[in-house]
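Peer 1: Sequential numbering of the sequence shown, starting at 6, is according to our numbering.
It should be emphasised that the hints constitute simulated quantities derived from the structure, not laboratory data. None of these values were measured; they are calculated from a predicted model. Careful: at least some of the hints might be erroneous.
[As the list claims (entries may be wrong)] Derived Cβ-Cβ restraints for the label pairs, each shown as a range: (1) 258 x 22: 20 to 26 Å; (2) 92 x 203: 36 to 42 Å; (3) 347 x 256: 28 to 34 Å; (4) 65 x 102: 23 to 29 Å.
[Said to hold, decoys possible] SDA-like mimics (lysine to any residue), calculated; alpha carbons at most 25 Å apart, straight line: (5) 325 x 211; (6) 119 x 94; (7) 80 x 22; (8) 80 x 119.
Every residue, glycine too, gets a C-beta built ideally from N, C-alpha and C.
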Amino acid sequence: MLLHLDPVEPRQLNTENSFASISISQLGELAGSLSYMYSSVDLASAYSDTASVSLQSMFEGYRLLSSPRNSNYHKRPTLLYGKMYFPSQFLEGMFIKRLSENSQLLVKFINTPKLNKLSNSTTIMNICYQRQTPKSAQDYVFSTNEALFGLRHIYNLGAPTSAADASLFSVGCELWCAAQSLAPGMSTGLRYSTHLTSSGKPLTMTLVINPLLGSIESTYAIKTSVLSTFVSKYNFNVYSYESDLSLGCHLWRLSDENKSVTDERFNKLKTEQQKELVDNFMHIDPAHMLSETNSTRLFISQHQTSDFSSSLKCATSLNKQQISLLWEGRFKDWLLSTGVKFDYKDMNPRSLGYGLELQFSS
6 MLLHLDPVEP RQLNTENSFA SISISQLGEL AGSLSYMYSS VDLASAYSDT ASVSLQSMFE
66 GYRLLSSPRN SNYHKRPTLL YGKMYFPSQF LEGMFIKRLS ENSQLLVKFI NTPKLNKLSN
126 STTIMNICYQ RQTPKSAQDY VFSTNEALFG LRHIYNLGAP TSAADASLFS VGCELWCAAQ
186 SLAPGMSTGL RYSTHLTSSG KPLTMTLVIN PLLGSIESTY AIKTSVLSTF VSKYNFNVYS
246 YESDLSLGCH LWRLSDENKS VTDERFNKLK TEQQKELVDN FMHIDPAHML SETNSTRLFI
306 SQHQTSDFSS SLKCATSLNK QQISLLWEGR FKDWLLSTGV KFDYKDMNPR SLGYGLELQF
366 SS
């Protein structure tokens, strides 16, 4: 999905181990939610209010892949989470328990209340055993919905030891079977992620095939700079011959304080510094230069430490002929998200919907 219109909400820190939050949004209709989370691990160091939290940690964007870190596995932490939506009273919950260094148990449930006399309340529970190592990861899933059994597996070829390593090639597949209806499901995928050697800019390519449905999906994403990301996705169905090309971009804006720091790199050099730079350039050893500058680590560090003030996401589908825009940023001590979707069929733009969301945490 190129454009995500549901940003992560901040929470109020009640104690060192618990969070609570309330959210009100206007996305076509007035709605809201009340949620609570508890963790056996101290969360005080990970908490930030909306006035100081980094936007790149709150708003979804290009995700830099890295190997799992299991520094706290010996504590076997536990997490409990519950959320109720209103006015629908839709309820969801989650329980996570670390079992060992490389495994954990994940239990989720959703409850849909009885909406009218003709409908019944529905409760669905998903149980998932997850195992993960730097080389591979497996999910064993069971769902009470039609007694669904599932297996997900991904294997990394040449798994990196950190996010700054050059490249990572992954192969994955998933198998599903509903015991009640005996309906099977299957898909397989490839993913290649790397960093450009000269600049450290990351890019990711994926290919997903579902032989039962006949669908083929390929994506290409590149972070051209710390401030911009461009994405393309192509879908094709071998049975119906239907296809669609989606394009998207994500643009960041630096805060005024960050701009002044960034621009210092472009100050003019003194004459002696220019001469020294030219002399060094004439004796460059590419291998030595790469190991010392380590452009990949510099790029990742710059992205993580940059102070952004806002971001703009844009996505379009050539088949559906729709454009989606989402602006996310900070206004005073509030986080603000607003978006609009419209189509441009027959060269007559028409709004399909808009939304506004305010978030605050202290």
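Peer 1: Decide, hint by hint, whether the structure agrees.
Peer 2: A quick look at each hint next to the structure:
The given range of 20 to 26 Å is broken by residue 258 and residue 22, whose C-beta atoms sit roughly 35 Å from each other. At about 54 Å, the CB distance of residue 92 to residue 203 disagrees with the hint of 36 to 42 Å. Judged by the Cβ atoms, the range 28 to 34 Å given for residue 347 and residue 256 is violated: they are separated by roughly 19 Å. At roughly 26 Å, the beta carbons of residue 65 and residue 102 sit within the given window of 23 to 29 Å.
A hinted pair counts as satisfied when its Cα atoms are at most 25 Å apart, and residue 325 with residue 211 qualifies at roughly 22 Å. Under the criterion of a C-alpha separation no larger than 25 Å, the hint pairing residue 119 with residue 94 is consistent with the structure, at around 10 Å. Under the criterion of a C-alpha separation no larger than 25 Å, the hint pairing residue 80 with residue 22 is consistent with the structure, at around 14 Å. As the CA atoms of residue 80 and residue 119 are separated by approximately 41 Å, the hinted pair breaks the 25 Å bound.
Violated hints, in rising order: 1, 2, 3 and 8; the structure is consistent with all others.
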